[in-house]
Amino acid sequence: MNILIVEDELRIAKRIERMTRDIFGNALQSLKHINSLHEALQFIDNNTLDLVLLDLNLNGENGFHLLTKAVSESFHTIVISAYKDQAITAFEHGVLDFVPKPFNQTRLVQAFNRANAKEKVENSKIKFLAVKKKGRMQLVPIEDVIYIKGAGAYTELFLTNGRKELHDKSLEKLEQLLSYSFERIHKSYLAKMSEVNQIIVESGSKYMAELKNGTRIPIGRTKYKDLKVKWL
Amino acid sequence: MKLRSSSYFLLVCFILFASSCSQSANPVFKRYRTVFKIGDQQEWASKNLNGQQWKTHLTLVPDGQVFWSRTPIDILKAPEALQPYGLRLEAYGEYEVFWDGVLIGKNGNPGQEADLPPEGELWITFSIPTHLTNEGEHVMALRLSNYYYPDHIGNYGLRIDDYHDLLTDRLIQNSYMHVFAGAFLIASIYFLFLFLGNKKEYLTLIFSISCLFFFCLTMTHFVRTTIPIHYSFHVVRLEVITSLMFGISFLIPLYFSMQFPFPKRKIFLGIYTAVLLFIFSIEHHLFDYTILNMAVSLLVFSIGIVAYGVYKRAKGALLVLLTLLLCIFIRYTVSLNVSLFTGFSLILLNMLYLLSLRIKEQRLAYENSLVQSTRLRLELLKKNIQPHFLMNTLTSLIDWIEESPKKGVLFIEALAKEFDLLNQIENKTLIPITQEIALCRTHLEIMEYRKEVNYFWEEEGIDINEKIPPGILHTLLENGITHSLPLKDNSITFKLIFEVNNQFKSYTFLTFAGAVRSEPRNKADGTGFKYIKARLTESYQTKWDFTSEPTSHGWKNTIKLYS
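If you read the sequences in order, they're chains B and Z.
Residue numbering for the first sequence follows the working numbering, starting at 1 and increasing by one per position.
Residue numbering for the second sequence follows the working numbering, starting at 1 and increasing by one per position.
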């Protein structure tokens, strides 16, 4: 695990650092602490990370910009903040968890478990996926996304208007964030279940999901049974 | 608006009604030219006399000599049975009155004025025996002497009407005018008390004096019915009236100039005073002329001032302008006296209206200031329970307790101290500077536990007797902590410098820190600065100055308090 802590309160940063080391033990490859927004943005651009622990109020500056940037990246973001009223905004933007201050190790373990994909996130609040476009951040509303296709380390978001956006997160990470309304119907596909019109069985027991706009996307053999149980 | 205009309407009606009481519609007599002759012969009283050698006017009758006047009068309508006619005279001098050769009244002692004390009245009413008031020609002859104003001969007022009506009409008119004057007297006293309660409000004082002058003017004008005035004192009454008029003419434009301020006010008022003095001094004995001129200049200058107020869109100015224009209209529709009293009452009502607008504004401002004070108090209280401070502090505190319980206890003690200090100052608008500094030092202690930065506090020239609004330096300190990164030796130093000179006291608050963010300061600063500015306004109104700027060593805030 490569973890970045962005926190301007040194004592709290140390606390997070200590607990993170405790929890991950040898699994931790690198742990970095940064106390300013500007440095954090630079570090994210130049390093490969798996998880960012983010305080939203850094030196009196609003961390919203940093939040948008973080959630558009390939890693998961966990917000640790004193402002509980920011939790909704954070979840809307697709953070993995929101840990209110003051926190203890148990709460942090819970958050990290989500990151380790041991626990699914039932985040019904997520409203946007942040995508990078020509160096700028853009928020794509979840309601516009019909299905998502894995493309290596990246993913492709297929939208209602027929367009396609690239996202830096892997399909696995998006599955975690979107499990409330999306289903992994194939190793390369996440589909919004409300968009699925019918399931077609083709010759050679090939299963296809037909979406409302007519698009057909494949359903994995192993996934079919689960889907049948869950949705039919 | 509706109420106001209807009250105006009532007032105008009332005054027109009151003045109309004294003028009956159809005169019962016709007066011809009066002729005069120096000398004293009893037959000059008789009805039929050849008046050819008599003069139409006399310029001077010195030493209280006796002279006679004869006025032919036609009675147009004989009186009803048992309702004799009366004759009211307004004449300078002491005299005997003959009607068709019959002596019908005596007013003083003609010819003996030099030896006897003044006797008689300037306004006097006699009854005419009924049998002498048949329709047709009559003669009124006066045997007079005028010791005190020998150059004021002739031109006297004369009226014949029902004797009873002549006596009561004036009393009725007077009773109305006394009620009217009383209202202004009460207003005057009320606003005088208001002024005594708040001695900065000169407008209420000016209004109070104006009302008092108007009360005196009314009383002096109508005093003739209630108090007998000898003709030798009449000038005193006119002098008093003119002087009151001068006072009112000066005060009203002064009042408007304070309600609707304009540039070069002093010069303007100086010119106006000069104009008034000029009017007051030339042709001073022509009292009506002087009064009219003063009223005109008052109107002209007031209209000028109020028109500027309208141009500047001052509240209430338009209504006042319309009223002043209405006064001009009134002047050309009714007699001078009526227009004077109507006009002044309208103007005074307008002044009252402006005053009420002002009082309303002051009340709103006061209520606002109360709300503002409460808001500031809450903001001060919120400082230590807002989540950023509280939750971060608690998180650090938990950590300290887990890692080093002893330090944790010290941390809690520092926290307790800051809460305690905040409690002490929470409801104050000014606190001793030492208390504010204590608050800052405790805050630094807490922040040291949280940020693990070495914070230093320095002071220079602090006067421990000075007071300052609570939370101001604390807010600057918070900003300093939040927005700066420590120097290489992991330290941030804050320095408070107090300086005093003739014009102002100043607090300079310096932050010595590493890279202060160059990005423009955001809203969080905004509210902090807003709090500081609101607190300064609360205690020092506009007499303060606050600047905040980056320097090579960190940040510099300056608060100047002007004396």
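Keep in mind the hints are simulated off the structure, nothing from the lab.
Careful: at least some of the hints might be erroneous.
Just some of the chain B residues that point at chain Z, by a computed CB distance under 8 Å [claimed, not checked]: (1) Glu-9; (2) Leu-10; (3) Arg-11; (4) Ile-12; (5) Arg-15; (6) His-33; (7) Ser-36; (8) Asn-57; (9) Ala-82; (10) Tyr-83; (11) Lys-101; (12) Pro-102; (13) Tyr-224.
Glycine included, C-beta positions come from ideal geometry on N, C-alpha and C.
Where does the structure disagree with the numbered hints, that is, which hint numbers, in rising order?
6 and 13
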